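Novice: In case you want the letters, here they are:
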Amino acid sequence: MSGPVPRWLRRHPGAVVVGGWACLNAVLLGVLTAYGESELALLLWADAFLVLVLACCAVLVSCSRGPLELTRYRVPSTGGAVVLLTACGLAVGGLMFVFGSWLAALAGPLLLVAAVLALRRRSRGSV
Amino acid sequence: MTLAPDPPADSPPQAAQPTGASRPVRPASWLGWLTTTDHKRVGLLTMATAMVLFFLMGVLALLMRSQLAQPGQNFFGSSMYNQMFSIHGSGMIYMVMTPFAIGLGVYLVPLQIGAPAVAMPRATLFGYWLYALGAVLMLSGFAMPTGAHADGWFSYPPMASSTYSPGDGTPLWIVGVFMATVGALLMGWAVLWTALRKRARGMTMLRMPVFTWSMIAATLMVIGAFPSLLAALVMLAVGRADPTVFDSNAWNIGYQHLFWFYGHPVVYVMFFPYLGAVGEVLAVFSRRRFFGYKGTVISLLVFAALSMSVWGHHMFATGQATNDYYSLTSIALLVPAGIEYFALVGTVLGGRLVFRTPMLFALAFIPQFLIGGLTGIMVGTPALDYHVTDSYFIVAHLHYVLFAGSAFGLFAALYFWFPKVTGLMLDERLGRVHFTLMVIGTNLTFLPMFGLGYLGMPRRVATYPEWAGFGLLNLLASIGAGFLAAAMIAFALNLQQAFRRRVPAPADPWQGNSLEWAAPSPPPRYNFTTTHPLPPLTSNAPLLDARMRQGRHRAPHRTPNGERA
Amino acid sequence: MEQRRVFAQVLTVETVIASVVFLLVLTALLYSLIRRRAGAGVGPSPRSERPRLEVSYLAALVVIAAGLVVYTASANDWMHPGGDAQAAGRGGGKAAPVEVDVTAFQWCWKFTHPAPGAHQAARSGHGPDARPAADAHHAAEAHHAADGGHGSGGAHGQRSDGARAATTTANCRDGRLPTLVVPTGRTVRINLTSLDVIHSLWVPALRYKMDAFPDHTNSFTFTVDKEGRWIGRCAEFCGDRHHAMEFWLKAVSPEEYDDWVSQHQQDGPTGGAAA
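Protein chains in written order, with this note's numbering: chain P, 39 to 165; chain C, -19 to 545; chain E, 39 to 313.
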């Protein structure tokens, strides 16, 4: 919010953001506990916290492996058909919950075809 | 080209140098569209699907308003009415506002940070398909003999259990919403990863436009909160298989906790991207850079963090939540929200305003969303919420947030980026007609609802008796809904005219600030080309900087700090 | 009607604050629409931030938020004056609160007024958690009333915990609404539960509602100052007849209330409550 960006902030903006966010959450969690909320609510929060920490870790690992800003990009331009087939297969699979497991006879082949396509793509792509 | 199995392309800095790759992809076959890995096409598919559903859900709302226009009417029967409000709410939240926001991010974030593609394009496409198929499944409930899901968008058990909601509508709803949510998670993660890890060289975090930052905050909430909805849906599915689960209060109240842990952050997922869009529009049509950029960025992040701890304010009347705590955190939200408003108003206050259609929507967003926000403080106050919760006051409040606010942001974004996305201009006059009807319709529809809630009209009632005294205000609201229908017709007409007349749009029709306006309209496959390269990344408004450098003699002001982020 | 008074006060305060904020923003907007429009011949401001102003604004916001937090928390306290004993002492003078067991079901209500003394015995015996089990026989009865369409506000006594209780229920069809009868000037404690799905008891005139859960009892107290009759509604969506799930709240003088209770304790199923 202040005019010039302090050096520590400029150097490690990610760490500052993550640290600040964690501190804020710790304070809120403390207050929540002080108000005596049920374990369920605390657990919920802990879970979300864990998920976000995992996401942070993924970003940090990725940052340590590569440059902060990119000059080279890998841009895949294929694979869409597999995705469409998989999504349809999963949708039919989800319908099993509504209409019964006989739909597996439909969902199975769809997913199988998708898997075969994906494997063929991969083997051809690697050549 | 999209179907050809080519090896991953390693592109040099300005991404699209290879001449072959930089050609705009022809809108080839329909299969090419459906299996595309181009982030712009995935984004467009998402937004187009959401837009179609927007119209459908709007039709449901009109039907409901026609029934409520007069007391004692029950054209559809309460069972059908219950299906309509459930699918209207579920559709608008799960299938329209959330996916559109994320789709906008899928389209714009790579462009705004100078990347040629989204991270994980296939996962993004997969997310789109899960969303689209999920929407179809949810809607297919109407084709079932027992009808569609009829327990509202939050579907509390035991009402939603197989004992009290038999039939196929509810399981279809569960599967559909589950798929759409997984889809949103995938797309959200891709957008977040793109913004964090795919930025062009020179595009530091604090040079990202406000819209991209709003997407970061929104996708953080997607990752933190959406899994909780998945858990709630699994719980509902388990409970439908074995209804005795919901004999126990612990599971019923547990479902509410799980649901609202998702249910509140999602409101901000449906709000931040539109707020970001409004910020961009205000800055561009004020002919300046966004005011209070850093404060806004910080407040967005604080907002996102706080949003995870306010869920209990939806449960004040359950008698089973620590109301004072959730009231505290909810009221604390006014601090980051106040900072954001300061920035929006500050941008306009120091601007040189140009009133094009996107600007009109963005300007109307400010006071209208403010009504939603201020009444939000009221419903965050337990002493007031006991009376107004689950009443039409809440209906009015949430529509001021999501319709008078977010949907106006959506239309600001749509009018703003339509030329970029399609290469065609929309008609200004029809845009103004659309805008005027929208403002009248929105306020005429939703303002009376505050009164209805105060007077004691519960939400989700199929009809009401004459002696209750709700007739006049309901009639006003229904007339307002008519204005909204007319507004949407004007909008549809505008789209149709644009595609018929095909007035070509230049790369930068509005004098934009951010990078997407440096790319051609519509942007080619890898976004930036040798003829439209990335400009020097000097701040969060690089194009504004470039214009100022070129036309310094014309600009009456110096640019202190201007070049730095 | 403590809730109503607190509600009115808090609503006034927050509406005033909200109006001031809204008018400030609107004024700023209108000012810029007129004075900062391109036609007015002004250039855009080159300043992209005003750190000092922003920090002082932030401080002001924090102060306002803190004030509101304290205010709303106290308002919540005023609505729920202290613990049980304190509530009784404050609202009803010396007397213990009048207890009414409310059972919500698809799609109507049942109000049970236990005979004085019976409740305390039941309470000290099992504690409040025992209530759902004790309500098991109410369930069958309520459904019976709903299915059979017992007519307008049928009220009848029943044996409960060794003493007769006065009960009113109806089926909420064709204008047959049950009546919750309470005495004026005395604290009324509602013990609220549900037989099937979640409902919510809302008396708009009281400015208060509370959800009714199955397998759980929620309690709250209120006091009615004057005699009269007000509509009560179900506020939580509960199925096809949610819109019709209404009841009357009727406040009568304490003497009349005692008469009413004793009459319905003796009369059994024949008595009829005023609807």
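Read the hints as simulated data drawn from the structure, not as lab findings. Do not take every clue at face value.
According to the in silico footprint, chain E covers these stretches of chain C (three or more CB under 8 Å from chain E) [claimed, not checked]: (1) 295 to 305; (2) 322 to 333; (3) 344 to 351; (4) 367 to 380; (5) 434 to 446.
These numbers were taken from a predicted model, which means no experiment stands behind them. We treat Cβ as the ideally placed atom computed from N, Cα and C, and that holds for glycine.
Novice: All hints are to be evaluated individually against the structure, with a verdict given for each.
Specialist: Cross-check of the supplied hints:
For the region 295 to 305 of chain C, the proposed coverage by chain E is satisfied: 6 residues have a C-beta within less than 8 Å of a C-beta in that chain, meeting the threshold of three. Note: the region 322 to 333 of chain C has 9 residues with beta-carbon separation from chain E under 8 Å; the three-residue rule is met and the coverage holds. Check on the region 344 to 351 of chain C: 4 of its residues sit with their Cβ under 8 Å from a Cβ of chain E, so the three-residue criterion for coverage holds. For a cut-off of 8 Å, the count of residues in the region 367 to 380 of chain C with a CB near a CB of chain E stands at 4, and the three-residue condition holds.
Note: the region 434 to 446 of chain C has 9 residues with beta-carbon separation from chain E under 8 Å; the three-residue rule is met and the coverage holds.
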